[in-house]
Amino acid sequence: MKKYNSNILKTMGFLLCFGGTFATSSAFADGHLASEPSCDTCTGGYGEEWSWQISGYARTYFGMGLEDHEETPEDDKFDLTMARATLLIDTDIYTGPVSWKIVSRFDREYKTDYMDSLQRITAGTSTAGEAGSSNNYMDQYNTNHLQEFFREYYADFSLFDGKLNMRVGKQQLVWGESDFFQAMDLVHGFDYRWRLFFENNEDWRKPLFLVNFDLDLYDELGGSLNFFIRPGLDRDDDVGSNYNIEGGRWIPHPYRGVDFTAFTDYNADHTDGSQDDPTFGFRWNSEIGSIGYSVAFLRTFNPTPMMNPANSASTALFGVDGTQSHFSEAAENGVLGDWIYPHINVFGVSANGYAQAIDSTLSAEVAFIPNKPFNFGQLASDLPGWGGIIEKDTLVTMFRIDKEFKLGRYIGTNRPSLSSVQLFDTWILDHSDSDEIVEFASFGAQKREHTAYLTVFTLLNFKRDTINPMFVAGTDLSNGGGFGIAAVEFVFGDDWRVKLEADLWWNDGDKKNTASDNIGSGFNNQTSGVGGTLAAGTSNPLGFREGNASLFDWFADDNQIVLKVTRQF
Amino acid sequence: MYMKILATSVVSLGLLVGAPLSSIAEEMPEGTIINAANLDSVIDMTFEGKRVGDMLPGKYEWMIRNHHLAIPVRHSEPVPMDEKYMSWTQKSKETVKFNPTDRTATGWTAGMFFDPQDVKMDDPHAGDKLIWNLRGPTYGATMDLRHISWVFLDATKGMERIQRWWAQRYYMEGRLDGGPISEGDGSIMQKTVLVATYPQDIKGLGIFQIRYNDPTSKTPDDTWAYLKSVRRARRLTGSSWMDPIGGTVQLYDDWDIWDAVPTKYQSTKLLGRQWIFAIAHAPLMTVDLTYKNTIKEFPAVGMDIPPHFFPAPQVQWEPREVFVIEGVPPVEHPYSKKTVWMEVDYPRPYYGEALDQNGKFWKSFIFQNRRDVGDDGYLSTMPVVGHIIDWKAEFSTTWSSNMKANPAGVEADDVTLKKLISIAK
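Protein sequence lines, in the order shown, are assigned to chains A and B.
Mapped onto my numbering, the consecutive letters of the first sequence carry residue numbers 1 to 569.
Mapped onto my numbering, the consecutive letters of the second sequence carry residue numbers 1 to 425.
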């Protein structure tokens with residue numbers, strides 16, 4: 001069945017890719033898709049008693065790298081790293097007391113020369129060669145399953161005279177206040193594979209099947225109680241976040257073309273992180289004066305996949321010393337191990353308010369995660385973090401100030417420019433260097449007691465919001481490095497939107513190199529084959545050993561330009 | 001001698017009577033369309049006894065001569081307000097107090113704060129009092145801005161794009177819909193939800209605003225913006241009441257031409273009282289969804305006639321007597337001055353103008369109004385089309401709506417942040 005679906009979807013994708021955007025432009029131009037009664041007594045605009053509406057867009061994305069990548073033999077500078085087409089259909093159906101929502105999205109990518117090059121490397125590093133995972137290399141970016149196509153489908157209705165509002169079905173539930181990073185926004189995982197973190201959250205959040213309740217207790221207690229249960233009806237692929245470990249264009253350097261799924265597996269049946277087990281949460285929302293606040297508890301999956309290491313000849317081959325320990329149960333993958341999403345409990349508080357004295361909005365969020373899992377150990381191997389999983393109490397804190405700058409009289413913006421500064425800190429309580437905790441398994445830089453990110457953004461709007469530049473920057477205060485985004489969106493009438501974006505990175509010079517680069521000394525002075533018992537002369541797919549490169553160093557060579565062309569309907 | 005006096009008196013009487021008679025202007029016939037071609041010939045005519053030129057306030061004449069504004073004229077007709085509204089206005093005389101020190105009005109329950117018949121031209125606080133009247137619930141306790149769309153209109157190119165929204169405003173005070181006059185704990189004056197439904201890139205973008213019942217305006221508005229792209233409501237600053245609505249050229253403060261209570265402004269001043277041509281009987285159908293996404297959807301706007309953003313030829317203007325009130329907004333406001341021409345018998349703005357921070361003419365506001373009977377029988381007069389014209393850019397965002405007063409079934413819980421989030425899906 002899956003294959004059948006896949007073939008249908010691939011055919012649709014062929015029709016869509018690069019032509020779809022333009023093919024749809026006239027089909028929907030008359031705007032007669034919506035069935036809306038032409039009366040002046042109905043409520044109109046949204047939610048007629050019995051009506052339906054379809055809207056959406058067809059979009060193409062083109063990404064062009066600005067630098068050469070060590071992993072590939074070709075010069076990748078100015079190569080297309082992404083050529084993607086998306087059709088999104090947003091359907092609203094109103095049937096009296098129940099309203100329905102269906103958000104379907106079909107993604108298809110053209111395999112650019114750059115992606116072809118990565119696929120060829122993948123074929124070389126995959127244990128199964130061409131017949132292995134590399135054979136379906138583009139599947140990581142394409143829509144291949146009906147559950148991927150139907151991203152959201154749910155019903156809304158009210159009970160007890162509107163006291164209890166319910167949303168049942170596959171949906172996105174967002175808690176928390178933070179931008180860019182997640183403190184309480186942990187109900188869902190994110191798919192970072194196709195665009196890392198540059199898109200709107202709703203586009204790469206992974207929807208889940210939830211029964212979501214909102215109980216209005218304003219009359220009784222001055223607030224509302226939102227609670228949900230995820231009964232465990234989702235696919236294994238739908239929980240946790242994806243970090244492109246397939247060796248695609250957003251796996252950190254130097255792993256482009258290294259398909260970790262060829263020698264590791266995602267395991268969503270782990271005893272401490274089973275998809276089948278229900279997850280749930282409660283959140284109380286209220287106000288004290290004009291200060292809005294929420295208090296929440298959430299049981300969910302750790303968003304970052306954790307390596308539950310195998311103890312095998314393969315791990316030994318890469319220098320893991322055999323002291324690694326599994327997390328609750330042995331890895332099912334006997335080569336290198338399993339990626340698992342252990343359950344975590346999160347206790348959170350958020351608050352927001354307007355400070356008239358500085359004409360700014362202040363927001364704060366604190367999330368306490370007892371026993372949050374981290375990979376640790378084996379820092380001197382090719383597989384740092386493969387020592388196992390250690391649990392540490394963790395406190396995540398966000399503080400943000402938003403202000404609107406009235407720049408119109410100086411630079412001609414047509415409305416105040418929303419600008420924001422946010423500090424986001426992750427504090428590992430009882431941190432010890434001897435724990436050898438890493439940010440992400442396979443990178444040897446130790447995670448510090450505090451990992452703090454400072455981000456700023458400002459949005460500008462010109463000519464009645466038809467020219468919209470935006471600037472975003474972020475830096476890792478603990479480890480150095482950062483990112484910057486400069487983008488401008490052009491609005492053409494009701495239908496066309498064009499966005500040009502530069503995604504830029506800077507780092508402090510730390511870098512994990514590929515094994516083909518014979519550079520560095522000491523810890524870095526690893527010629528091929530000395531990692532463990534890897535045969536001399538064998539190219540090490542895991543690159544040189546390195547213990548300093550942190551998050552923004554991983555993407556230091558990924559400066560790029562992205563063009564998005566959207567035709568709305 | 002007596003004969004001489006008598007003769008002189010007769011001559012004088014003849015002069016007294018004869019002079020006005022000789023200068024009585026020709027009455028302009030009903031149905032005349034005042035435009036650039038005939039303005040010089042009709043400007044000194046009278047209509048309903050008033051000189052035509054005197055009924056062209058502010059930039060009217062400039063718009064007629066230079067920008068093709070055409071004014072089809074009809075006879076005026078009284079527009080009675082709801083009896084409950086008028087009787088509460090009389091009761092207010094006994095309870096409402098204006099406090100000159102802080103320009104606040106206290107003791108108000110419903111109706112107008114101040115009977116406009118009692119407002120004297122030489123009252124230094126006349127402007128404040130009349131604007132207080134405007135900021136009570138003037139056209140019902142609940143306003144449903146049904147089918148509201150902002151159409152982006154370029155003076156040269158015509159329709160550029162459409163933004164469709166869903167909006168309701170719910171007054172917590174001064175309600176005359178048969179239910180409680182005051183709801184809640186008395187701390188909130190009104191709540192507003194405004195959500196975009198089209199096109200796709202702004203669908204689900206909306207605001208929820210609470211304006212508190214604080215006559216001093218020291219308590220800032222609470223405003224949240226819901227951003228569907230991140231599925232999260234974000235608190236906005238308390239000064240967002242003076243921000244533009246979406247990408248339009250209309251500020252939230254231009255809602256009803258003047259949305260701020262007097263104490264949000266530095267000062268107000270009653271400039272005078274005059275008769276103007278205004279639109280008090282707009283067409284009953286102002287959004288026709290049978291012609292969705294075409295200019296025919298908006299039959300009260302002349303989108304096919306350059307400059308594309310004035311009232312359509314079918315819309316008739318009539319003489320209305322108005323107060324002319326000028327306000328000076330706070331320094332951070334985009335305008336340095338705003339002037340409104342508002343009906344004398346009740347607070348219904350017909351026309352407005354705004355100056356930029358350099359004191360130069362920037363925008364004009366032409367609002368089309370008409371009678372409406374609420375679902376509860378409440379009799380009101382309300383704006384159904386608002387032409388907000390940015391003259392620097394020669395561009396307008398003109399909204400049209402099948403506005404409805406006191407829609408049945410809408411309660412305070414229906415105009416909330418939760419409601420915004422549920423709509424903006």
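None of these hints come from the bench; they were simulated from the model.
The C-beta atom is built at its ideal place from N, Cα and C for all residues, glycine as well.
Accuracy of the hints is not assured; some may be wrong.
[Claimed, not checked] Subject to a maximum C-alpha distance of 20 Å in a straight line, what follows is the list of computed PhoX-like cross-link-like pairs (lysine-lysine):
(1) B/218 x A/463
(2) B/392 x A/463
(3) B/157 x B/337
[What the hints assert, rightly or not] Heads up, incomplete: computed chain B residues facing chain A, CB under 8 Å, no partners named:
(4) 243
(5) 246
(6) 247
(7) 314
Status of the hints after comparison with the structure:
1. A threshold of 20 Å between alpha carbons decides the hint, and for residue 218 of chain B with residue 463 of chain A the separation of about 33 Å lies outside it, so the pair is violated.
2. Note on residue 392 of chain B and residue 463 of chain A: the hinted pairing holds, with a Cα-Cα distance of about 12 Å set against a maximum of 20 Å.
3. In summary, the hint linking residue 157 of chain B to residue 337 of chain B is not supported, as the alpha carbons are separated by about 30 Å, beyond the 20 Å threshold.
4. Evaluation of the residue 243 of chain B hint against chain A yields a held restraint, the C-beta minimum of about 6 Å falling below 8 Å.
5. A distance limit of 8 Å between C-beta atoms decides the matter here; for residue 246 of chain B the minimum to chain A is near 7 Å, and the interface restraint holds.
6. With 8 Å as the threshold, the beta carbon of residue 247 of chain B comes within range of chain A, its nearest partner Cβ sitting at about 3 Å, so the hint holds.
7. For residue 314 of chain B, the interface hint is violated, since its Cβ never comes within 8 Å of a Cβ in chain A; the closest pair sits about 17 Å apart.
Violated hints, listed in ascending order, are 1, 3 and 7; each of the other numbered hints is respected by the structure.
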